[in-house]
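Chemist: Residue numbers (the working numbering), protein chains in the order written: chain A, 8 to 280; chain B, 8 to 280; chain C, 8 to 280; chain D, 8 to 280.
There could be a bad hint or two in this list.
[To be verified] Calculated cross-link-like contacts (lysine to any residue; reagent style SDA-like; alpha-carbon spacing at most 20 Å):
1. C:Lys220 <-> D:Gly176
2. A:Lys261 <-> A:Arg80
3. D:Lys220 <-> C:Pro197
4. C:Lys220 <-> D:Val127
Hint data in this document are derived by calculation from the structure and do not stem from the laboratory.
Protein chains: 4
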Amino acid sequence: MRILFVGDVMGRSGRAAIAAELPNLRSRWSLDLVVVNGENAAAGVGITETICNDILAAGADAVTLGNHAFDQREALVFIARQPRLVRPLNYPPGTPGRGAALVDLHDGRRALVLNVMGRVFMDALDDPFAGLEREIEACPLGLACDAVVVDVHAEATSEKNAIGHVLDGRASLVVGTHTHIPTADHRVLPGGTAYMSDAGMTGDYDSVIGVDKEEPIRRFVQRTPGSRYEPAGGPATLCGIAVETDDRTGLAVKVAPVRIGGRLSPALPDFWT
Amino acid sequence: MRILFVGDVMGRSGRAAIAAELPNLRSRWSLDLVVVNGENAAAGVGITETICNDILAAGADAVTLGNHAFDQREALVFIARQPRLVRPLNYPPGTPGRGAALVDLHDGRRALVLNVMGRVFMDALDDPFAGLEREIEACPLGLACDAVVVDVHAEATSEKNAIGHVLDGRASLVVGTHTHIPTADHRVLPGGTAYMSDAGMTGDYDSVIGVDKEEPIRRFVQRTPGSRYEPAGGPATLCGIAVETDDRTGLAVKVAPVRIGGRLSPALPDFWT
Amino acid sequence: MRILFVGDVMGRSGRAAIAAELPNLRSRWSLDLVVVNGENAAAGVGITETICNDILAAGADAVTLGNHAFDQREALVFIARQPRLVRPLNYPPGTPGRGAALVDLHDGRRALVLNVMGRVFMDALDDPFAGLEREIEACPLGLACDAVVVDVHAEATSEKNAIGHVLDGRASLVVGTHTHIPTADHRVLPGGTAYMSDAGMTGDYDSVIGVDKEEPIRRFVQRTPGSRYEPAGGPATLCGIAVETDDRTGLAVKVAPVRIGGRLSPALPDFWT
Amino acid sequence: MRILFVGDVMGRSGRAAIAAELPNLRSRWSLDLVVVNGENAAAGVGITETICNDILAAGADAVTLGNHAFDQREALVFIARQPRLVRPLNYPPGTPGRGAALVDLHDGRRALVLNVMGRVFMDALDDPFAGLEREIEACPLGLACDAVVVDVHAEATSEKNAIGHVLDGRASLVVGTHTHIPTADHRVLPGGTAYMSDAGMTGDYDSVIGVDKEEPIRRFVQRTPGSRYEPAGGPATLCGIAVETDDRTGLAVKVAPVRIGGRLSPALPDFWT
Ligand SMILES: [Fe+2]
Ligand SMILES: [Fe+2]
Ligand SMILES: [Fe+2]
Ligand SMILES: [Fe+2]
Ligand SMILES: [Fe+2]
Ligand SMILES: [Fe+2]
Ligand SMILES: [Fe+2]
Ligand SMILES: [Fe+2]
Numbered sequence: 008m009r010i011l012f013v014g015d016v017m018g019r020s021g022r023a024a025i026a027a028e029l030p031n032l033r034s035r036w037s038l039d040l041v042v043v044n045g046e047n048a049a050a051g052v053g054i055t056e057t058i059c060n061d062i063l064a065a066g067a068d069a070v071t072l073g074n075h076a077f078d079q080r081e082a083l084v085f086i087a088r089q090p091r092l093v094r095p096l097n098y099p100p101g102t103p104g105r106g107a108a109l110v111d112l113h114d115g116r117r118a119l120v121l122n123v124m125g126r127v128f129m130d131a132l133d134d135p136f137a138g139l140e141r142e143i144e145a146c147p148l149g150l151a152c153d154a155v156v157v158d159v160h161a162e163a164t165s166e167k168n169a170i171g172h173v174l175d176g177r178a179s180l181v182v183g184t185h186t187h188i189p190t191a192d193h194r195v196l197p198g199g200t201a202y203m204s205d206a207g208m209t210g211d212y213d214s215v216i217g218v219d220k221e222e223p224i225r226r227f228v229q230r231t232p233g234s235r236y237e238p239a240g241g242p243a244t245l246c247g248i249a250v251e252t253d254d255r256t257g258l259a260v261k262v263a264p265v266r267i268g269g270r271l272s273p274a275l276p277d278f279w280t
Numbered sequence: 008m009r010i011l012f013v014g015d016v017m018g019r020s021g022r023a024a025i026a027a028e029l030p031n032l033r034s035r036w037s038l039d040l041v042v043v044n045g046e047n048a049a050a051g052v053g054i055t056e057t058i059c060n061d062i063l064a065a066g067a068d069a070v071t072l073g074n075h076a077f078d079q080r081e082a083l084v085f086i087a088r089q090p091r092l093v094r095p096l097n098y099p100p101g102t103p104g105r106g107a108a109l110v111d112l113h114d115g116r117r118a119l120v121l122n123v124m125g126r127v128f129m130d131a132l133d134d135p136f137a138g139l140e141r142e143i144e145a146c147p148l149g150l151a152c153d154a155v156v157v158d159v160h161a162e163a164t165s166e167k168n169a170i171g172h173v174l175d176g177r178a179s180l181v182v183g184t185h186t187h188i189p190t191a192d193h194r195v196l197p198g199g200t201a202y203m204s205d206a207g208m209t210g211d212y213d214s215v216i217g218v219d220k221e222e223p224i225r226r227f228v229q230r231t232p233g234s235r236y237e238p239a240g241g242p243a244t245l246c247g248i249a250v251e252t253d254d255r256t257g258l259a260v261k262v263a264p265v266r267i268g269g270r271l272s273p274a275l276p277d278f279w280t
Numbered sequence: 008m009r010i011l012f013v014g015d016v017m018g019r020s021g022r023a024a025i026a027a028e029l030p031n032l033r034s035r036w037s038l039d040l041v042v043v044n045g046e047n048a049a050a051g052v053g054i055t056e057t058i059c060n061d062i063l064a065a066g067a068d069a070v071t072l073g074n075h076a077f078d079q080r081e082a083l084v085f086i087a088r089q090p091r092l093v094r095p096l097n098y099p100p101g102t103p104g105r106g107a108a109l110v111d112l113h114d115g116r117r118a119l120v121l122n123v124m125g126r127v128f129m130d131a132l133d134d135p136f137a138g139l140e141r142e143i144e145a146c147p148l149g150l151a152c153d154a155v156v157v158d159v160h161a162e163a164t165s166e167k168n169a170i171g172h173v174l175d176g177r178a179s180l181v182v183g184t185h186t187h188i189p190t191a192d193h194r195v196l197p198g199g200t201a202y203m204s205d206a207g208m209t210g211d212y213d214s215v216i217g218v219d220k221e222e223p224i225r226r227f228v229q230r231t232p233g234s235r236y237e238p239a240g241g242p243a244t245l246c247g248i249a250v251e252t253d254d255r256t257g258l259a260v261k262v263a264p265v266r267i268g269g270r271l272s273p274a275l276p277d278f279w280t
Numbered sequence: 008m009r010i011l012f013v014g015d016v017m018g019r020s021g022r023a024a025i026a027a028e029l030p031n032l033r034s035r036w037s038l039d040l041v042v043v044n045g046e047n048a049a050a051g052v053g054i055t056e057t058i059c060n061d062i063l064a065a066g067a068d069a070v071t072l073g074n075h076a077f078d079q080r081e082a083l084v085f086i087a088r089q090p091r092l093v094r095p096l097n098y099p100p101g102t103p104g105r106g107a108a109l110v111d112l113h114d115g116r117r118a119l120v121l122n123v124m125g126r127v128f129m130d131a132l133d134d135p136f137a138g139l140e141r142e143i144e145a146c147p148l149g150l151a152c153d154a155v156v157v158d159v160h161a162e163a164t165s166e167k168n169a170i171g172h173v174l175d176g177r178a179s180l181v182v183g184t185h186t187h188i189p190t191a192d193h194r195v196l197p198g199g200t201a202y203m204s205d206a207g208m209t210g211d212y213d214s215v216i217g218v219d220k221e222e223p224i225r226r227f228v229q230r231t232p233g234s235r236y237e238p239a240g241g242p243a244t245l246c247g248i249a250v251e252t253d254d255r256t257g258l259a260v261k262v263a264p265v266r267i268g269g270r271l272s273p274a275l276p277d278f279w280t
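Based on the provided sequences and hints, a complete structural model is requested.
Modeler: The structure is reproduced here in structure tokens:
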């Protein structure tokens, strides 16, 4: 199976990159499963129903979220009717939406998409380790589904590393989001799970993690409140990770970073043409 | 000028990679300046005089530190007699050692090496932005020195991004350390400063950021104290960044990630042979 | 019912105050229920079986804990055989010990003692609000027990305030611990629950929250590691809260701070003689 | 000298208590110096020029601030023309306003009022210990002024304890603010400085630290964003500390908590009538 995961789409610039690139990638690479993190898609914070639909229409099978999941308050409502929008599974019971989506692919195969939030340097949510165990035991890779993709929305590399190892052999891909900077530690772990600490954002990197740089720099230096943060408006780099899995096991056999456009050095998988 | 920066050397595994690779790299690439972060070189926390001397002997011109700078208490003493060991400049006045080193290179040129700590999600130190301004104004690139290398030891990508932009055009290289995971956002910023949010560690990546994975995973899951953290003992990946500067300006013209050995996908500069 | 809660016993000085005062208070005030927080009783961090037994022998019906619960590693073992030692209930399932103890009082009545940890500015544990709901629904005040005492081991006053309001009318006493400084907001909440944001420690207040002040002050100023923290050795103030409940409802009718000995201004309930 | 310090005035409820009580207290107790923390005076966050003037007109000689200092953006401007409004001294150089005010009292004596912010569990500012040293060395108690009052706006009791000890003998009063809950550790330290870890807020205590309790409780439980925080509207408790100093030394001889009105148990100094 061919899987593409795309990191935090940041504002208008990020959405433009999705619209311009994702349909082509989907068809050119014959992708089976595309997951996009959309927690910053609407003006840099949260997601609206229109934007969620646009990302799905551009070629995503599922959209994941993070700490900004509900910053656009309408997401608390429309998430109920959008089964392909996945919020962190470790929100407390009763939170609108779902933390796991079992997605039917074009050919009848099924992929489990999970989103979870870390707790180191982040708000307190339920235990991500226990929550992931529950979801994966309920729908084991190779038995109940053909792929498991886990978006670990977290700050600390230690927590992401730990989750990767814990799930190794039981997920097709464990990929981090939230720091908005792609890491270069993509690899297949010993047990067969593709791993990358952060997919990076899909946004303008001439910025402070996607935000127009002037105000955050001013705040770092002056330490006083000021104007609102605005997404940087320059061309985005679409950032993510490409994974090829073994159809018999659902585990990863090949992995490569994806970086298209914008300011970062380009990267494409050499195993798809 | 040819510059190599190597990220956090982690314990015995990291030291072995330095000993095995650095002398060769130094001569093969005709490096002019080599800086190595050594905050985890001694058993994963801190640095001893013997280990510092070993890293310098292997080909480093300067060794930088971070939040673990003084975990080996002897560093509070020997740092006074080791002018090539640089601790974060934003420790309070009176802290042993120095946050800036002006290093004489083999050919008489001089490089300013700075080490600074971020404050987001980290212990409170003095203002890194103000401290960097002071040091760089005191020894401007192109006027008082031929290269400026800044090791930003910090957790948050936002703070690292901001420091990169603030110093753009005034440093040869701004590179992050501390997360122990290399980022893939290496580039030359618009003003001519090479930038990478994190160099990554030089250690065994089959681990939790360099620590033998069993105990940190147990703590994440069980939340109770247990045994000591031990550095993972498998083969290390030497991680860092290669920068070629313009000799007239001291600014960067080429930049590439470096990853040699161990578990990560290899990366070498294609502009040096 | 007459209830005394005593805050974090800090090292030898705190234990001496317990030994000297608690037996007298128990008999003089004809106390029905005494709960003591013992998370710092052993050398300032954790508790041993001997020390736990000493506190129980001095007149406590139950001993509660906090973030230092297992700093003396033997507590991971002996807590299994000590039903009156209560650790935070929001440790993950499988943690040794219990977060709730149903204590049989001398006259056959029963008291539910709960210990929970906050998550603001503290390590990530399970949801304290959900955990408290579960325990209190399982053993409701006035139906299944005659008193409910909740030790909220937390840093942030906001979280403690919120827990107090949520449990108002369902607990006899909600009292905070962990900051080691007594608050002056003791009162009966509108629904009948006695509340105080922090009981204060039972330790030497000529200190930095019970620690010999020299080293913590040095670290605040110099920001470098140094010698171990040692409990301050001067005379302790026994700090806590006295509550009189209505025997029919188990809710509070009178509340007063208790401060005996040491450096703080003395306080005793005027409703017991 | 007779000094009254009043803690964080919270919204309309807190302002009403100031207007109703402070003029009477000032005359009844023949107060020489009144300092009021006003960081939450305007709708719970920040302060406006009108509100600052009202607090001064009600009997304050100086108004101190904290992390909410500039939440009402106009404070960045009018603080320049209001010498009795004091913001934390450890904002970076160039921040509008001042961190120290030398206030002329009615009888010609002079009081130094300092405001500083802690760094534990708070935003990164400059070193509070170094900043306080500078200010106090520039205007020593007994030599250049007749009283020194320090408002330590901080979360952690450890940091407040440490600052108290460091300034003991060099300040008339070191009092904490920010947690919005009064502590009961008021005392004269061995060197003669009056100390209290937190003055408490002047606001409605039937709340979550002054905020109408419904929304903060909902957020603690549900972890999703919701409506704005609004100050609780019930009757406020005016909270603070009363200090009598020795006119020859400026050091404290008597200290007592002050709690008037609202939900908390009342407290008044017994040494003034
Ligand atoms: Fe994001
Ligand atoms: Fe995020
Ligand atoms: Fe490190
Ligand atoms: Fe570090
Ligand atoms: Fe404690
Ligand atoms: Fe504690
Ligand atoms: Fe406040
Ligand atoms: Fe505050």
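Chemist: Confirm or reject each hint.
Modeler: Going through the hints against the structure:
no. : hint                  : verdict
1   : C:Lys220 <-> D:Gly176 : 16 Å, holds
2   : A:Lys261 <-> A:Arg80  : 39 Å, violated
3   : D:Lys220 <-> C:Pro197 : 13 Å, holds
4   : C:Lys220 <-> D:Val127 : 17 Å, holds
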